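Using the sequences plus the hints, can you model the full thing?
For the sequence shown, the working numbering gives the first residue as 1, with consecutive numbering after it.
One should not assume that every hint holds.
[What the hints assert, rightly or not] Heads up, simulated PhoX-like pairs for lysine-lysine below, C-alpha to C-alpha not over 25 Å straight-line:
# : residue 1 : residue 2
1 : K48       : K63
2 : K48       : K108
3 : K74       : K63
4 : K108      : K74
5 : K74       : K48
None of these hints come from the bench; they were simulated from the model. Small disclaimer: the values here were computed from a predicted structure and weren't measured.
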Amino acid sequence: MIVSELSTQVNDLLRPMGITRNLSAYSILCQCLELVCEQEDRLQAVEKDIYTPIADRRRCEPKAIQSAVRRAAKGAWLTNPEYVQQLAGYPLTGAPSAVQFIEMFLQKSMPSLYTALGVYLPLITTNCAVLGVALTNVQNNYNFWQSVACGFGTA
1 MIVSELSTQV NDLLRPMGIT RNLSAYSILC QCLELVCEQE DRLQAVEKDI YTPIADRRRC
61 EPKAIQSAVR RAAKGAWLTN PEYVQQLAGY PLTGAPSAVQ FIEMFLQKSM PSLYTALGVY
121 LPLITTNCAV LGVALTNVQN NYNFWQSVAC GFGTA
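And the structure:
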């Protein structure tokens, strides 16, 4: 798929959620999808294979890229939860995670790639969420009970 076609599709998907071309999250999401379209197994190591290359280009930390995607997902959920729910294609109880948000756009803009990855996408999303909670606990030096509370609070 040509990058301009992908950009047009992403624009059509993001606009109803209030994410327009003038926001940095727009270009970050486009770059995420371009990387996944180039090599679909990048979804297995999102931080290393997606966030880090984009962060290197933007001269920032990978956490900043993840944060931008997460903020976009939360903003989209607050702006138009019905549309986000429709894009997801499965029940959501709140704003999607950063990986879920990328997966949703992959599903709508590249259905053949999404189908080829099949059951692995939800598994990858779950693994990223579990790893994210574990990393948060370690980075914040939480004790056992704080880790349990963080885990339940994140779920």
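Here is how each hint holds up against the structure:
1. With a C-alpha separation of about 11 Å, the suggested pair K48 and K63 falls inside the 25 Å cut-off, and the hint holds.
2. For the suggested pair K48 and K108, the alpha carbons sit about 24 Å apart, so the restraint of at most 25 Å is met.
3. Only pairs whose Cα atoms come within 25 Å are accepted, and K74 paired with K63 is accepted, the gap being roughly 16 Å.
4. Of the supplied pair hints, the one linking K108 and K74 holds, its CA atoms being roughly 19 Å apart against a limit of 25 Å.
5. Between K74 and K48, the direct Cα distance comes to roughly 23 Å. Compliance with the 25 Å bound is thereby established for this hinted pair.
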